[in-house]
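As they're listed, the protein sequences go chains V and Y.
The numbering of the first sequence is the numbering used here, which starts it at 1 and goes up by one.
The numbering of the second sequence is the numbering used here, which starts it at 1 and goes up by one.
Treat the hints with care, as some may be off.
[Claimed, not checked] From chain V, some residues computed to sit far from chain Y (all C-beta separations above 12 Å): (1) 70; (2) 73; (3) 80; (4) 150; (5) 161; (6) 220; (7) 238; (8) 241; (9) 293; (10) 297; (11) 331.
[To be verified] Below 25 Å or equal to it, Euclidean Cα-Cα: the simulated BS3-like pairs (lysine-lysine) are: (12) V:196 - V:72; (13) Y:320 - V:101; (14) Y:281 - Y:227; (15) Y:72 - V:327; (16) Y:7 - V:273.
[Said to hold, decoys possible] On the chain Y side, residues computed to face chain V include the following (Cβ under 7 Å): (17) 106; (18) 249; (19) 253; (20) 298; (21) 301.
Honestly, the hints are just simulated from the structure, not real lab data.
Nothing here was measured: the structure is a model prediction, and the numbers come from that model.
Don't be surprised by glycine CBs; every beta carbon is placed ideally from N, CA and C.
2 protein chains.
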Amino acid sequence: MKFICEKSNLQEAVFTVQKAITGKSSMPILNGILIETNGSELILTGSDIDLSITTKIEATILEEGSVIINAKLFGEIIRRLPNDDINIETIDDNTTQILCKKSKFNIINMNTNDFPELPNINENMLFSIPENILKNMIRETIFATAQDETRPILTGILFEIKNKTINLIALDGYRLALRFETLDNDNEINAVIPGKTLNEVSKILEDREDNVDITFTPNHILFNLGKTKIVSRLLEGEFIKYKSIIPEEFNLKVTAKREELLNCIERASLMAKDSNTNLIKLNIEENNMIITSNSQLGMVKEEVNIILQGSTLQIAFNSKYLIDVLKIMDEEEIILNFSSSVSPCVIKNKDKNNCTYLVLPVRLLNN
Amino acid sequence: MKFICEKSNLQEAVFTVQKAITGKSSMPILNGILIETNGSELILTGSDIDLSITTKIEATILEEGSVIINAKLFGEIIRRLPNDDINIETIDDNTTQILCKKSKFNIINMNTNDFPELPNINENMLFSIPENILKNMIRETIFATAQDETRPILTGILFEIKNKTINLIALDGYRLALRFETLDNDNEINAVIPGKTLNEVSKILEDREDNVDITFTPNHILFNLGKTKIVSRLLEGEFIKYKSIIPEEFNLKVTAKREELLNCIERASLMAKDSNTNLIKLNIEENNMIITSNSQLGMVKEEVNIILQGSTLQIAFNSKYLIDVLKIMDEEEIILNFSSSVSPCVIKNKDKNNCTYLVLPVRLLNN
């Protein structure tokens with residue numbers, strides 16, 4: 001194998017495929033980047049079996065071939081080389097030479113035969129969605145995925161497509177995040193994609209309106225961004241029937257300024273931090289929400305202007321769950337819906353109807 | 001105690017004195033900020049006994065008094081309050097109230113009697129030096145202080161003032177950093193200031209030409225920046241007689257472009273990282289320095305244009321020590337002086353004569 005390519009192109013491509021490489025795999029081959037020539041292109045692949053990322057860049061191919069090089073070392077070398085053409089050549093079965101100006105690296109490579117085969121996906125494209133919208137949808141739900149593996153299915157996000165709508169849903173037993181967009185597509189899909197995959201996907205997606213094409217198979221999802229393709233296995237099992245969790249009728253409706261409420265809860269949680277529960281109490285009154293917290297550090301009282309429709313209520317929360325939601329939302333005004341001190345709080349934008357967040361309250365002994 | 005002050009002023013003052021507070025002291029009082037009224041001023045003090053920082057801000061004092069409040073909690077509360085006037089008042093012996101707009105905090109305070117007394121320093125100012133110059137001198141030597149405590153004196157920087165010159169010297173057994181400036185002052189001083197103190201001092205010093213006044217006592221140093229005063233104990237013991245370590249005559253003199261050499265050594269060290277020694281070899285030839293490194297990852301060869309005066313030489317280094325020096329220097333061209341493969345390398349600026357760096361080579365078995 002022998003090729004010449006531009007440093008900046010190669011660096012970007014390595015950076016992209018590295019997102020699939022944990023660097024800690026017990027199989028050394030999975031800590032490597034597969035580099036293959038293909039006509040006038042170079043194809044780079046990183047994989048941890050569950051997640052594989054492939055990208056292509058232009059190169060002057062002088063000799064066809066393929067090689068696997070440790071991703072971390074290769075990435076560091078390319079990053080630190082001067083901005084110039086880079087010559088890469090396999091000089092024997094075990095050694096790849098990297099030349100750039102007056103720098104010469106001979107690095108040990110690995111055998112490409114051992115690289116795991118990527119799932120073969122028939123790209124009958126199922127739907128496409130602008131990169132920036134998908135990026136936002138992931139960001140606005142992924143925080144609610146479960147972090148522990150006791151119920152693996154909850155570490156992923158449910159992609160639910162039907163009735164020309166795409167829903168992304170994450171929940172972890174304490175809160176739920178639902179984000180939706182309309183879609184010009186008649187397919188029906190229910191698939192749970194690992195949070196880890198979507199975390200890396202959202203880093204690769206750019207803040208632009210170009211479409212990303214998405215294909216599902218029974219076990220995999222493929223994100224096709226043109227030059228870059230991301231394949232991930234799906235999580236196995238049934239997702240929780242989330243719709244029955246979200247109440248539709250409420251006794252109270254509170255309208256509040258999101259940022260003001262967030263600031264008050266963040267300040268109140270400074271006192272709550274001492275205990276593990278992050279406990280804050282909300283006293284919802286006519287025109288006013290009083291937020292209090294007590295701990296051995298002292299006590300805090302915050303007041304927020306609100307508009308209340310319905311009766312007054314006292315309810316307690318783990319402040320972290322409210323803060324997570326209020327931080328991720330971006331509209332100026334929000335609606336918080338309550339029914340009682342032991343029923344979930346459902347939060348939506350006042351104007352833009354594209355999300356539903358649910359947070360469970362903390363049941364107090366004196367309730 | 002009762003006062004009103006501006007949030008931004010208070011926040012800045014808390015941020016400054018917090019630098020003396022580790023937050024991990026087994027004496028809870030040392031995790032606190034001492035707040036005292038003094039006429040129309042507020043005085044804030046943080047101390048870990050070895051290092052104390054005091055700063056003052058304007059305030060409307062409504063009732064004289066003093067209090068100690070946990071620094072981390074107080075800092076977080078002030079930081080998160082809205083930009084407005086803050087009212088602070090002790091409401092009983094154990095409780096301090098913080099009011100700002102609609103926020104109210106009642107926090108547990110500590111007894112000011114238990115706060116350690118600060119050393120009483122007679123400020124017969126010994127010398128003054130512009131803040132930006134002292135800041136740079138610290139930055140350009142502190143990296144060479146010892147990180148382990150086996151020889152505590154080497155964890156500090158020697159301040160040596162004589163013959164109208166101030167020298168800052170740090171060394172750790174593998175390398176030495178010496179930075180000097182002329183000083184319009186006839187005093188003679190030899191004092192070793194803890195690296196930890198100087199690290200915090202350099203964060204407080206700003207990039208401006210205002211003078212900082214420095215006073216020494218047998219056991220302490222005082223940095224007076226006007227509003228802010230920093231007092232630190234000195235390290236006890238005799239510093240190493242560093243002058244005898246720095247050779248004055250050499251067999252080779254190499255002139256090189258600093259950044260080019262740094263880039264080459266950083267790339268070469270990518271291969272050296274695998275082993276603990278970070279070993280790189282320098283082959284100094286007429287017009288050329290060849291830098292190589294080998295490990296089980298492969299090998300690298302880098303070439304740098306140089307001007308050589310003297311004979312050729314092969315010498316090996318721990319790349320980390322050369323990288324530290326080349327990164328901290330800021331002139332375009334530097335001079336590296338060598339005598340043999342087992343004698344120290346002495347590095348200076350080509351033009352600006354204000355520093356001397358020394359790095360010991362690694363003795364190779366085949367030397």
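Hint check results:
Listed as outside the interface, residue 70 (chain V) is inconsistent with that label: its C-beta sits roughly 7 Å from the nearest C-beta of chain Y, within the 12 Å cut-off. Under the 12 Å C-beta cut-off, the non-interface status given to residue 73 (chain V) relative to chain Y is violated; the minimum distance is some 6 Å. Not every CB of chain Y is more than 12 Å from the CB of residue 80 (chain V) (nearest about 5 Å), against its label as outside the interface. At the 12 Å boundary, the C-beta of residue 150 (chain V) stays outside the reach of chain Y, the nearest C-beta of that chain being 33 Å off.
A cut-off of 12 Å between C-beta atoms confirms that residue 161 (chain V) is not in contact with chain Y; the least separation is 41 Å. The non-interface label for residue 220 (chain V) is consistent with chain Y: the shortest C-beta to C-beta separation is roughly 34 Å, beyond 12 Å. For residue 238 (chain V), the non-interface assignment is confirmed: its Cβ lies about 42 Å from the closest Cβ of chain Y, beyond the 12 Å cut-off. Distance check for residue 241 (chain V) against chain Y: the nearest CB is about 39 Å away, which clears 12 Å, and the non-interface claim stands.
Some Cβ of chain Y comes within 12 Å of the Cβ of residue 293 (chain V); the nearest lies about 10 Å off, and the non-interface call is violated. For residue 297 (chain V), the condition that its CB be more than 12 Å from all CB atoms of chain Y is violated, with the nearest at approximately 6 Å. With a least CB separation of 21 Å from chain Y, residue 331 (chain V) remains clear of the 12 Å interface cut-off, as annotated. Proposed proximity of residue 196 (chain V) and residue 72 (chain V) is supported: the alpha carbons are some 19 Å apart, at most 25 Å.
Under the criterion of a C-alpha separation no larger than 25 Å, the hint pairing residue 320 (chain Y) with residue 101 (chain V) is consistent with the structure, at around 24 Å. Annotation: proposed proximity of residue 281 (chain Y) to residue 227 (chain Y) is violated, straight-line Cα distance about 51 Å (limit 25 Å). With a C-alpha separation of about 23 Å, the suggested pair residue 72 (chain Y) and residue 327 (chain V) falls inside the 25 Å cut-off, and the hint holds. Restraint check: the Cα-Cα separation between residue 7 (chain Y) and residue 273 (chain V) comes to about 23 Å, which is no more than 25 Å; the hinted pair holds.
Given hint, residue 106 (chain Y) at the interface with chain V, holds; its Cβ is 5 Å from that chain's nearest Cβ, closer than 7 Å. Here the hint on residue 249 (chain Y) is broken, as its CB sits about 32 Å from the closest CB of chain V, past 7 Å. For residue 253 (chain Y), the shortest C-beta to C-beta distance to chain V is roughly 22 Å, which exceeds 7 Å, and the interface hint is violated. Annotation: residue 298 (chain Y) was flagged as interfacial toward chain V, and the flag holds, the nearest CB pair being 4 Å apart, inside 7 Å.
With its C-beta approaching chain V no nearer than about 4 Å, residue 301 (chain Y) sits inside the 7 Å limit, and its interface hint holds.
Of the numbered hints stated above, those contradicted by the structure are hints 1, 2, 3, 9, 10, 14, 18 and 19, listed in ascending order.
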